[in-house]
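S.K.: Can you build the whole structure from these sequences, using the hints too?
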Amino acid sequence: MNDNTSKNASPARPGMRLRAGITSGPGVIWLTVLLLLPLGALAVISFLSRGDYGETQLPFTGENYQRLLGFGLLGFDPLYPVILLRSLLLGAGTAAACLACGLPLAFFIAGLAPRYKTTALTLVVIPFWTNLLIRTYAWQILLAPESWVTRAVHALGIGTAGDALYPSTTAVAIGMICDYLPFLVLPLYASVEKIDWSLAEAAMDLGADGLRVFRHALLPQIMPGISAGIILVFLPATGQFIIPDLLGGAKTVMLGNAIEQQFLQSRDWPFGSAVALVALALVLTGIWIYAWKNRGQGQPDLL
Amino acid sequence: MQNKVVCVPDSPPRPASREGSPTPAVQAENLRRRFGDLEALAGVSVEIRRGEFFSLLGPSGCGKTTLLRIIAGLERPDGGRLLLGGRDAAEIPAHQRPVNTVFQSYALFPHLRVRDNVAFGLRMKRVPAGEITGRVARIMELTQITPFADRLPAQLSGGQKQRVALARALVNEPDVLLLDEPLGALDLKLRQQLQIELRQLQRRLGITFIFVTHDQEEALVMSDRIAVMNAGLIAQMDTVEALYEQPRTRFAAQFLGSCNLIAGRVERVRAAGHGRDLEVMTELGPLQVVAAANRRMLAVGDSITLAIRPEKIGLLAATAAPGPNQIEARVEQFNYGGPVSHYRVRVGGESLSVRVHNFGETYRVSQADGAVRVEFPPAALLVLED
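Chains as they are written, first to last, in this note's numbering: chain A, 1 to 303; chain B, 1 to 386.
Calculated directly from the structure, the hints in this document are not laboratory data. The beta carbon of each residue, even a glycine, is placed where N, CA and C say it ideally should be. Where hints are given, some of them may not hold.
[Said to hold, decoys possible] Simulated DEER-style distance windows between Cβ atoms: (1) E245/B x F108/A: 48 to 58 Å; (2) A154/B x D209/A: 20 to 30 Å; (3) E245/B x L112/A: 51 to 61 Å; (4) R76/B x C101/A: 24 to 34 Å; (5) A129/B x V149/A: 50 to 60 Å; (6) G249/A x A154/B: 25 to 35 Å; (7) C101/A x Q155/B: 33 to 43 Å; (8) Q155/B x L142/A: 48 to 58 Å; (9) L38/B x A152/A: 44 to 54 Å; (10) A154/B x W30/A: 32 to 42 Å; (11) D88/B x P127/A: 31 to 41 Å; (12) W30/A x Q192/B: 55 to 65 Å; (13) L38/B x C101/A: 31 to 41 Å.
[What the hints assert, rightly or not] Which chain B residues stay away from chain A? Per the calculated CB distances, all over 10 Å, these: (14) T146; (15) E241; (16) A317.
M.R.: Printed below as a string of structure tokens:
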């Protein structure tokens, strides 16, 4: 990405630069006002202290970060590192599960006759037409003790009859996969659709059997789609707390509700900002490592 | 496989002992393949000998690529039988066949460097790493791609990609190498150079090459034998020379080089030592023809088609002394083409193409008001089978 922009920018004459400035202006303003400024404010606030009435005040301090790492007033307490880890795990787990479900689905849709493809893609996108909360409550109804889904599951000999299937980790997994699958399937489908199948034939011709044809000839081609999909799932899933709340029981604090609590209930903006920034930094580091490991494999940089 | 070492560039040519060994490299018996309404192969039988440079020549859609893909195992025949080195190929999946392909699009792995592209087949066969390095280095030297060993395919020119595709297939030391129009995307100069290189490489390695092309000149320059295909069938299969000098069908005659076709009726048949002498009445007038003995029987009154190559027709000044098989003609069109000149001459109601080398008399013929005489050497007139 950097290469391209520098290549394009270098021969630009002043007029072109002006035009580029005008056309990119709204986007730049948007990003500055709505992303960079708040982010900067967040960074500054995270180094301030909480006043007695929840206001932010001087002096500058690194105490918020110390507390976040577990070194609070009352000695070591791993509460926040655990919350961070739990959220990252939720994000990573959701991404992995969506990949496992999305890969066969993307190939299946790409293999359909053209007239069925649109229908299939629409079906994938349909969940987006309803609100996340409504979808999640719908799962509560489906997984309730008297629903036909629950009865069917119990009939298979799983669980105790009369019990609901939620709250449970399985229910959270179902909710998360249903919510985030489209984010992974759509970019993945786009790259599966573009696969050059002659490479698969070449691999076969050179002695690769089924699994190795996929590994060596197909996987490298769909890596851009997989990366994009994983990032699109991992980022929001890490901050997700509604689904774990509603389907997992409100016992576990996730990153999202930890931040929300600090800002709204505890009115501790400085600490809330610190949590948010560390979470952001962790996620970005993860993505950066991922992109760095896959560099130079002919995929567009995502960062 | 192991004892079949790839020769280094300077080693002596491989003895031709593999040629004519008992089991052919490829035997196809009545292969059929249909795609929807299109009959790609309508019963093709060929036998390709070991160490042979065999070309499948035909217009696009004639089934030549389908035949190649069936041999590679990338396509299944609907019917018929295929033997590879005497073994029934139906039992051998594509990845286990002693066959490698140079694809038309090259199909190089874009994420692998040249070196790793070439090593791919050996890695898939789990050849020890040390041996891979040596074999890859040797084949890269042979195909002259060592300087680009660390580049990605996207950083190569068309000709370089072509060499990498070739090296990637040859490094596996296959019994048969399949080439699907490998030179199609290259410019003329490079194509001609690679034609010669490919031919030399094939001679040196002694590997059976099956070369698919729609370019008749390419097939002529490179092949030992050619199968001319048309509409899912083999129109004629022969050595290069026999195919050019003795085409049997209209399609073969006109697809390989150009040919003048003359309709006629047999007037007289006389057996001669080497074949049969015919007298044929044509629109141009009566012509003497020497028909080869192994061709179909002809009787007086049969309608036949005669074929003659443009360069076999003699062009004489109108004032030259008359001789047998000479007819008055008029030059309609003349194109100077460097070493050869192309003429269109009108003889009777027919317009014929004549090609003459530019030396001496013949050139001046065009300067006159167009009156010339054309001569048809009796042995150059071929009786086609259809």
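S.K.: Taking the CB of W30/A and the CB of Q192/B, does the distance hold inside 55 to 65 Å?
M.R.: Holds: the Cβ-Cβ distance is about 58 Å, inside 55 to 65 Å.
S.K.: CB of A154/B to CB of D209/A, is that within 20 to 30 Å?
M.R.: holds (27 Å)
S.K.: Evaluate the given range 48 to 58 Å for the C-beta pair formed by E245/B and F108/A.
M.R.: holds (56 Å)
S.K.: For the range 24 to 34 Å, tell me whether the beta carbons of R76/B and C101/A fit it or not.
M.R.: holds (32 Å)
S.K.: Would you assess whether T146/B, listed as outside the interface, keeps its beta-carbon beyond 10 Å of every beta-carbon in chain A?
M.R.: Consistent with the label, T146/B stays out of reach of chain A, its closest Cβ about 20 Å off (over 10 Å).
S.K.: Does the hinted range 50 to 60 Å hold for A129/B and V149/A at CB?
M.R.: holds (53 Å)
S.K.: Minimum C-beta separation from A317/B to chain A exceeding 10 Å: can you confirm that?
M.R.: A317/B is indeed farther than 10 Å from all Cβ atoms of chain A, at 58 Å.
S.K.: May I ask you to test the hint 51 to 61 Å on the CB atoms belonging to E245/B and L112/A?
M.R.: holds (54 Å)
S.K.: Could you say whether the range 32 to 42 Å given as a hint is met by the Cβ separation of A154/B and W30/A?
M.R.: Taking Cβ atoms as reference, A154/B and W30/A lie about 35 Å apart, which means the hint holds.
S.K.: Just to be sure I understand the hint, the distance between the Cβ atoms of C101/A and Q155/B should be within 33 to 43 Å; is that true here?
M.R.: Distance hint for C101/A, Q155/B holds at roughly 37 Å.
S.K.: Does the claim that E241/B lies outside the interface with chain A hold up, using a Cβ gap greater than 10 Å?
M.R.: holds (33 Å)
S.K.: Is the gap between the beta carbons of D88/B and P127/A within 31 to 41 Å?
M.R.: Between D88/B and P127/A, where Cβ atoms are some 52 Å apart, the hint is violated.
Consistency note: the structure conflicts with the earlier hints numbered 6, 11.
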